[in-house]
Amino acid sequence: MKPILDRVLRTVRNLEIKPEETEQAAARVLSKLTAEHNKVVPHPAIVERITSCQDFRALIPAYLSRSLTSARAMLIEDHTRECVRCRKAMEYDRHPRHPHEGPRATLSQRAARTTRTYRLAAAWTMAAGLLLIAGLSQWNAIRDFLWPIDVHAIAQAVDGNLFVVSDADIHTLNAGDRIDRDRVVRTGKESSAVLQLADGSRIEVQERSELTLDRGDDGVKIRLGRGSVVVTAAKQRSGHLYVATNDLIVSVVGTKFAVNAGVKGSRVSVVEGEVHVQNGSTAQALRAGQQFASNPALSTPSPAATDLRYTSDLVNLVPANTVAFASLPNLKEAVDEVYDAFRKRVREDPSLGTRWPSDDVMNRVRQVATYLGPEIIIAVPLRDGEKDLAPVLIAEALQPESLKAAIQGLPESRIPFVVDSGLFIVSSPRMIDEVLALRRQAGSNPFLSTALYQRISSAYREGITWFLAADVQKLLPARPATMELGLADAQQLVIEQKNAKDGPSYRAVLGFNQTRRGMMGWLADPAPMGALEFVSSNAYGVAAIAMKDPSLIIEDVFAFLQRNNPQAIRNIDDFQNRHRIDIRHDLAAPLGGEFLFAVDGPILPAPAWKIIVEVYDPARLQNTIQWMVSETNREAAAKQQPGVSLSSDTVDGRPFYTVTFPATSYKVHYTFWQGYMLIAPDRTLLIEAMQYRDTGASLARSDNFLSQLPADGRDYVSGFIYQNLALNLPQNIVSNAVPSLICLYGEQDRIVLSSKAMIGTKLSNIVGLSGLIDQVWLR
Amino acid sequence: MATMAQKPQTRSLPQEFEQMFRKHHELVYRAAYRVTGNAEDAEDVLQTLFLRLLRQECPPQFETSPKAYLHRAAINIALDILKSKSRNVSTDEVESYIEDGRPSPDRQRGASEIQNWLRTALAELNPRTAEMFVLRHIEGYRNAEIAKMMGTSRGTVAVMLFRARLRLQKSIRKHLGEIV
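Protein sequence lines, in the order shown, are assigned to chains V and E. Quick note on my numbering: the first sequence kicks off at 1 and runs consecutively. Quick note on my numbering: the second sequence kicks off at 1 and runs consecutively.
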């Protein structure tokens with residue numbers, strides 16, 4: 001007989017377990033598990049900040065369900081090691097009382113526990129109070145201590161230049177380098193990088209972008225200073241990933257989206273999933289395919305349909321070989337306004353009346369305008385070897401006989417014109433005949449097959465108020481100089497006005513027949529510009545531009561000189577050899593692409609100008625400057641002339657350099673700050689410029705500047721010209737002047753100027769000197 | 001005023017989890033049934049174990065060898081249940097199981113009681129030893145496999161199993177007096 005133990009074990013081993021019993025049990029368990037799964041709290045949003053044991057305990061279910069962030073989970077683990085009560089609470093939640101466990105605690109035991117609970121509660125209340133007091137003053141530090149979040153990224157890939165920028169220095173980052181919290185990271189021109197956060201989220205950083213990693217309340221916050229990022233957010237098991245720009249905050253729990261931040265504002269585009277955008281006091285959820293723009297200037301303008309012209313019967317009558325074309329509205333109302341304004345001024349100052357046509361003449365001009373149609377077209381033909389190709393003015397004659405009478409009453413009625421077939425045509429007899437012939441033979445006009453006509457009809461389709469177009473290729477003769485400048489590739493110049501709901505907008509476009517090259521290719525694609533942050537909101541005027549690559553520009557200039565002025569290039573070579581300086585490598589290569597000039601401060605006794613230049617390698621540039629000063633002084637000493645002095649000192653940890661020119665005692669101060677070289681005639685201006693950037697109180701955020709940004713749907717600019725003379729100059733000089741801004745966009749095969757102020761046709765408004773011009777011209 | 005309350009949606013179990021459950025539930029249930037001796041406790045074990053997995057409270061071993069982990073975890077949870085339920089077994093009932101080989105109500109009751117005694121005795125063993133014992137004598141693993149599963153040597157397993165066996169035999173003798 002086998003030992004009883006073996007017999008029992010064999011029995012147990014061979015225990016009969018019915019398959020259907022197993023399956024039924026499995027079905028019940030699966031059902032319970034599903035129910036339990038639905039109890040799991042994916043994101044314990046009720047506990048935003050952990051300040052007490054109660055908060056810790058509220059997070060325990062989420063901890064046990066592994067739905068907390070690793071940082072919060074670590075925090076709870078640390079706390080439960082220290083805190084017995086929380087550890088017990090965790091154990092209880094982890095292993096709920098089993099039905100087979102022993103009896104519950106007796107009443108006395110529970111009473112004893114209650115007493116201890118009150119004592120502990122009092123202690124915890126005091127501790128919480130102390131924590132609260134400390135928290136008010138050092139909340140961020142305490143939060144980081146109590147609730148650490150791993151805020152860092154690794155540069156996974158770098159294409160071009162990736163920098164980490166400190167106050168006075170800038171260092172290159174390579175793939176694999178770590179980026180810690182609060183470090184300012186910047187991509188260079190024509191550069192991009194991919195960063196990976198600790199939670200696996202990927203940030204694709206586009207060119208000329210700047211960002212800082214920080215922590216938000218419950219996750220990593222990417223502070224996008226400027227530029228574009230595409231974020232592929234890893235699934236946030238708890239909390240959120242944030243992207244914050246100057247004017248909005250995007251929060252996600254796992255999705256793919258893009259954020260652009262520029263001077264005009266911010267734009268959020270969702271690729272996958274859903275994001276939440278907080279813009280001021282308004283919150284909005286965006287789903288895949290949706291966009292949000294923080295500023296109307298980022299939206300394409302919605303035209304006021306009644307003010308725009310979409311078709312024209314007169315274009316078909318434009319002579320063949322037309323190289324310049326204009327479509328203007330009938331200016332009767334404008335003539336009336338100007339005339340009424342002038343009469344008012346004449347009443348105030350009768351001497352002005354001698355410089356203006358008589359009322360009779362003006363009334364006849366107004367009459368002529370009354371009898372014309374709503375559109376007036378002017379075409380300028382050009383044919384090789386042909387003369388008598390006068391410009392042609394064509395308009396619809398609404399009342400032909402009255403129109404003839406009004407024109408004949410004008411003092412300069414020798415102008416050749418005809419009113420025929422419902423048309424009013426002004427030109428030479430030959431051109432008038434040509435237009436009338438085209439009127440009779442509809443569809444036979446060779447102009448309709450030209451590129452210029454295509455551009456004109458395209459403009460009509462989009463709607464115009466007034467419009468100028470010129471065939472630059474035919475107007476500009478192909479010379480070596482125009483080839484070098486890249487102008488030989490220019491096809492058409494178009495200037496147009498469109499009236500939108502929020503006012504008129506003006507645009508000039510210079511199109512090329514291939515990718516911009518030569519001088520025309522220097523202008524960078526639209527990109528965020530950081531130099532503007534060094535300018536105050538009270539600046540008189542600013543001109544800024546983003547260039548593609550200063551080194552390539554130097555090469556272009558040298559190549560141009562080589563072909564057109566060989567002696568000049570020999571002199572430059574001689575200079576470089578004599579002073580052992582390579583202009584391209586030592587001066588241009590350390591530079592970034594941004595250049596800004598501003599008058600930002602008092603005009604008198606000397607204009608408070610400043611120059612801001614983006615610099616990628618300040619140490620190398622400073623070394624070059626020192627070498628050039630030393631070489632200049634060496635030559636000056638040889639000629640027994642005074643040299644240039646370069647001095648430096650450090651104030652509040654900021655390095656300042658001063659170049660003094662002995663002949664005039666003129667001083668130029670400069671410094672390097674946050675990846676830019678700041679140059680000004682006064683150190684105070686440099687310090688102020690730094691403050692504008694540090695505090696954010698710069699022109700980039702001033703209402704005057706932002707209100708002038710054209711609503712053309714573009715996020716960034718390649719350059720701009722801004723004036724606000726009215727802010728500081730006497731009103732009698734700048735009367736009626738308002739701030740104005742012209743934005744410049746370098747696109748692949750065209751350069752675009754866009755503005756809310758009129759381009760070209762009302763120059764005085766652009767430069768803000770209408771009052772001054774009025775003073776000079778009329779008096 | 002409109003409220004923003006949303007109707008809660010039922011979330012289905014993760015597909016991967018459900019597949020794992022369907023693949024291994026029989027192994028777990030059967031092992032638990034053998035240790036605990038009843039369907040109710042076996043179902044408790046099944047639920048407890050997969051609830052842990054659902055909450056992702058599983059050690060790294062689960063990732064490398066899920067079947068072995070589940071088997072061991074089922075045994076341990078079952079042993080925990082045995083420990084919480086340990087009670088005395090009637091000597092009379094055991095005697096009837098030993099003396100008479102014929103099937104009878106008393107004998108059936110005696111077989112059940114001696115199994116219960118075994119389970120009680122297992123619950124009194126060191127948990128690690130009890131686990132080894134169950135793996136070897138109930139689940140049928142070889143010493144080498146147990147050593148690998150528990151991260152120890154075959155010699156240690158053999159020694160611990162021998163000691164456990166001696167102790168159980170001693171325990172049953174003590175329990176039944178001179179009957180065995």
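Hints listed in this document are in silico derivations from the structure and should not be mistaken for laboratory results. Careful, some of the hints might be misleading.
[Said to hold, decoys possible] Once the Cα atoms are required to be at most 25 Å apart in a straight line, the calculated SDA-like pairs of lysine to any residue come out as:
hint : chain 1 : residue 1 : chain 2 : residue 2
1    : E       : Lys67     : E       : Ser112
2    : E       : Lys67     : V       : Leu30
3    : V       : Lys32     : E       : Glu40
Hint-by-hint comparison with the structure:
1. E/Lys67 x E/Ser112: Roughly 29 Å between the alpha carbons, so the hint for E/Lys67 and E/Ser112 is violated.
2. E/Lys67 x V/Leu30: 18 Å, holds
3. V/Lys32 x E/Glu40: 14 Å, holds
Against the hints set out earlier in the document, a violation occurs for number 1 only.
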